[in-house]
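Chemist: For chain X, the structure is supplied; the task is to place chain P on it using the hints.
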Amino acid sequence: AQKVTQAQTEISVVEKEDVTLDCVYETRDTTYYLFWYKQPPSGELVFLIRRNSFDEQNEISGRYSWNFQKSTSSFNFTITASQVVDSAVYFCALVGGGADGLTFGKGTHLIIQP
Amino acid sequence: DVKVTQSSRYLVKRTGEKVFLECVQDMDHENMFWYRQDPGLGLRLIYFSYDVKMKEKGDIPEGYSVSREKKERFSLILESASTNQTSMYLCASSLQRGVRTQYFGPGTRLTVL
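Going down the list, the protein sequences come from chains X and P.
Using the numbering used here, the letters of the first sequence map in sequence onto residues 1 to 114.
Using the numbering used here, the letters of the second sequence map in sequence onto residues 1 to 113.
In isolation and in its complexed conformation, chain X is listed as follows:
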């Protein structure tokens, strides 16, 4: 069975602060894929990043960065210099090598206050 845990239900920070969203996963598959999605108030899930289990390189995209560590089964997401537009629910998700549907964490509601 696969499982994704996002222990932070809600995080509130002031604009321009850095914030890290935690994601811990469990899987028995040796090949798997990890994702982060953003869900703004409009409701649509927006794809942010995909990571393969055999690629542990960290990724940076503008103010966003992702830290993938197989040793701790974690795939954390950091927003640098947060902005009000970053306010959303963020989901971490996992799919194993043989499966098809994504297993989602319960999401972290990020509130950026001006």
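Hints were generated in silico from the structure; no laboratory data involved.
Each residue gets a CB set at the ideal place from its N, CA and C atoms; glycine is no exception.
Heads up, a few of these hints could be off.
What the hints assert, rightly or not - Once the Cα atoms are required to be at most 25 Å apart in a straight line, the calculated DSS-like pairs of lysine-lysine come out as:
hint, chain 1, residue 1, chain 2, residue 2
1, P, Lys3, P, Lys55
2, P, Lys57, X, Lys106
3, X, Lys70, X, Lys38
4, X, Lys3, P, Lys55
5, X, Lys38, P, Lys3
Unchecked claim - Between beta-carbon pairs, the in silico distance windows are:
hint, chain 1, residue 1, chain 2, residue 2, range
6, P, Leu41, X, Ser42, 18 to 24 Å
7, P, Thr86, X, Ala1, 24 to 30 Å
8, X, Ser71, P, Lys71, 21 to 27 Å
Modeler: Quick look at chain P alone, frame taken from chain X:
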């Protein structure tokens, strides 16, 4: 850009009605998925499809069926809607098996009275 559209953003139905939720993708994706999203439970997979006329059960298929008559369209059917099916329904598509990134539609918020 991948575009996944869903027929309604908001829908209100009565208990016992037959409900159709439609999803269309314009990128010639082979795979399509239906999830429901509930507070405290996150997103859960209902059904998915690899190809036209093919369907596979997800984690919570009870009370639902699906139809895929054309590659671009995937319909979720509630045969007899019940109040516990009040939820946000999200459709997604991905290019093909082995290509895992799923792209989501805007969602349909269904209320069953």
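Chemist: All hints are to be evaluated individually against the structure, with a verdict given for each.
Modeler: Right, here's what the structure says about each hint:
no. : hint                           : verdict
1   : P/Lys3 to P/Lys55              : holds, 21 Å
2   : P/Lys57 to X/Lys106            : holds, 21 Å
3   : X/Lys70 to X/Lys38             : holds, 23 Å
4   : X/Lys3 to P/Lys55              : holds, 24 Å
5   : X/Lys38 to P/Lys3              : holds, 16 Å
6   : P/Leu41 to X/Ser42: 18 to 24 Å : holds, 21 Å
7   : P/Thr86 to X/Ala1: 24 to 30 Å  : holds, 27 Å
8   : X/Ser71 to P/Lys71: 21 to 27 Å : violated, 42 Å
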